[in-house]
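From just these sequences and the hints, can you work out the full model?
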Amino acid sequence: MAGRVVIAGGSGFLGRTLAGWYAGQGREVVVLSRGAGSVRGARVVGWDGKTLGPWVRELEGSGVLVNLAGRSVNCRYHARNRKSIMNSRLHSVRVLGAALRACDSPPALWLQSSTATIYKHTYGPAWGESGETGATAEAKDAFSIEVARAWEAALDAEEVPGVRRVKLRTAIVFGREPGGVYSVVRRLVRFGLGGAMAGGKQWVSWIHAEDFCRALDWIEMISDAEGVYNLASPNPVTNSEQMTATRAALGMPIGLTAARWMLELGAVFPMRTETELIIKSRRVVAERLLDEGFIFRYPEFRGAMMQLEGKVSCDEAQSA
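Here the sequence shown stands for residues 10 to 329, where the numbers follow our numbering.
In case anyone wonders, no lab produced these hints; they're calculated from the structure. A portion of the hints provided could be inaccurate.
[As the list claims (entries may be wrong)] Straight-line Cα separation of at most 30 Å, DSSO-like style, residue types lysine-lysine; simulated pairs:
id, residue 1, residue 2
1, K92, K129
2, K320, K210
3, K92, K59
Put into structure tokens, the structure is as follows:
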């Protein structure tokens, strides 16, 4: 693999994770950002996520474009936030498509962020890439499904000659960079709040940050890779199992449980978020990656948590 990597919307948790990964491989990394001062391992170039500008030059002759742009969904879904969440995703896809068509030598691959949340809430078998998508009243996920479908449809509309487009239906990524879910869960556990939530039977699909980065490398190496890829560990866990494993990694023997009504109340104040992020049962696996021969370094959640806490090596995590 060679060539410049351009990460649009790369100033957040995932962008910083990827920038460090690519820079560690000796690749030139450019982050397109609305206002980030610096990103380790990358050169930051300003853009507004919706209009063409001097930043388009960074795509010329580059090797791969990764689009992570989009307002965080960790907020209350009132009208203003809904509009911002949707528009930030659709505008970035459309302007990147226009930018690529303006290039004489665009990157060969466009990796477009999506979400594993697009799959239907389930307690049954895990969904692969051909799994059923759609909203479920129990999960309160109608808006999230609307966003996910519109996001992917926007990419479908941006055909660029010679550029392969891949939709990354990504599960929760656990890594050490600030701003990720791992830091939030870790803080809850350390404060003694690491028990099962809303009964704890809902499934959690996840992926270690290193496997997330390795999966993008894998897709780049496959010359005809296009379409949908799930980025998720082969072993989803229940919320109860997730919290038990995290407590074990942190050496916390107990954690208070939280009933659904407590989560509903806490989501309004002080957390200012939506309970869907916790109560939806997301059971998704990376069927396509596994069929192609990709090997996860961190296939088990307990091993991944122990590795993130620095208590085991990669080899130990695989056998945990």
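Taking the hints in turn, this is what the structure says about them:
1. K92 to K129: holds (23 Å)
2. K320 to K210: holds (27 Å)
3. K92 to K59: holds (14 Å)
In this structure, every one of the numbered hints holds.
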